[in-house]
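**Q** Produce the entire structure from the sequences given, and follow the hints as far as they go.
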Amino acid sequence: MGLSGSAIKKTVLLLFIISLHSVISAADWASVIENSGPSIGRVLIKDSRGSLISQGTGFVIRDLEGNQLFVTNAHVVRHARFDMSDRVEIAFDYGNRNKTEESSLTATIERYNEYLDLALLRMNESIENPLVLDSDGGNGLMSEIVVAGYPLGKNFKATPGMIQAFQTESGLGEMIDMSADLAPGNSGGPVLNSRGEVIGIATAVIQGYNFNYAIPVDILIKFLDYRNNTVNLRINSNPAGSRVFINGEYKGETPVSLDLFNTNYEFRIEKEGYSPLEETVGPWDVEEENVLDRTLEVLVLKDPTIWIYTEPVGAEIFVGNTSIGFSPISVEMPPGRILRIKAQKGRFKKGSANYRVTDDPEQRVDITLD
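Residue numbers (the UniProt record's numbering): 1 to 370.
Keep in mind that the hints were calculated from the coordinates and are not lab data.
Wrong hints could be hidden among the right ones.
Straight-line Cα separation of at most 30 Å, DSS-like style, residue types lysine-lysine; simulated pairs [to be verified]: (1) K271 with K222; (2) K302 with K349; (3) K251 with K222; (4) K251 with K271; (5) K157 with K46; (6) K46 with K251; (7) K251 with K157; (8) K302 with K251; (9) K350 with K271.
These numbers come from a predicted model, not from an experiment.
**A** In structure tokens:
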């Protein structure tokens with residue numbers, strides 16, 4: 001069936017409106033990148049000989065006092081954090097397809113938090129138009145975003161996508177899950193909304209599963225407001241020498257002292273021969289203006305082991321009315337428990353003992369059969 005002239009005009013008008021909307025939308029994103037790109041840089045970590053060790057992405061913002069800082073992931077600058085001979089450079093290569101490093105600035109690590117995977121760098125020069133952080137929120141599922149950075153160390157790349165989920169990952173914490181594909185080198189780069197505001201920091205990928213993670217910007221905002229947010233946590237255990245894991249990462253043996261951002265952490269403390277302790281700890285109440293000093297006493301205990309020996313050996317052992325095997329044999333019981341132990345063997349007269357379990361890790365009970 002054909003269309004009337006009026007219908008054709010309406011159809012053409014509708015197509016024009018749809019097409020015009022698409023052009024405007026594309027132009028908006030182009031403007032976002034054009035305005036934001038010059039404030040997004042490549043982070044270059046070089047050794048004392050000038051050889052490249054690692055690289056990533058980051059971006060310039062203003063802190064609460066109005067000073068410029070460069071934001072990136074802690075894992076991007078980790079090598080330089082622990083090797084003072086390394087040099088940190090920032091190359092602002094947006095629009096520079098030849099990737100010359102004439103615009104590189106030097107930087108120093110001002111603040112570093114391995115658990116949040118955030119680092120703040122101080123540059124030797126300022127630049128124009130730092131990025132603005134989104135403090136209002138309102139970026140929900142299916143919100144359009146764009147990830148900007150230098151994946152694989154190549155030219156500047158803007159990757160559009162949407163927020164597809166909000167996840168909580170062990171060892172990572174709260175994360176924005178995006179449809180925009182990330183690659184090595186994107187780490188530390190900004191995730192921007194349609195207003196050009198930073199809503200997240202690209203940080204991790206689960207390969208093969210379309211999980212592309214960004215740290216929510218509110219965590220960065222809290223990190224900037226560091227007052228009353230730093231905790232020096234001393235971890236002890238009984239016995240000492242227990243292995244400490246925080247968010248799945250080994251941190252040493254007790255006693256150990258750690259500087260932590262004041263938030264919650266997944267702790268695991270373990271020692272051979274003892275039951276591991278798993279616990280979520282933090283955040284803590286802050287009583288002082290600067291650094292909170294707390295001691296977390298962690299008691300790692302296993303029920304004591306009670307060895308039961310008889311003379312002669314090979315007697316059947318009963319605890320209460322339950323046979324547990326033949327001597328010598330061990331049983332684990334909590335301190336304070338009273339054990340009613342009986343032993344019997346062939347022609348020998350039965351023996352017995354009432355034993356109160358102490359706190360000692362290993363204990364011994366001897367029973368002689370007449």
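**Q** Are the hints correct? Go through all of them and say.
**A** Taking the hints in turn, this is what the structure says about them:
no.	hint	verdict
1	K271 with K222	violated, 35 Å
2	K302 with K349	violated, 35 Å
3	K251 with K222	holds, 24 Å
4	K251 with K271	holds, 14 Å
5	K157 with K46	holds, 23 Å
6	K46 with K251	holds, 26 Å
7	K251 with K157	violated, 36 Å
8	K302 with K251	holds, 22 Å
9	K350 with K271	violated, 39 Å
In terms of the numbered hints stated before, the structure departs from hints 1, 2, 7 and 9, listed from lowest to highest.
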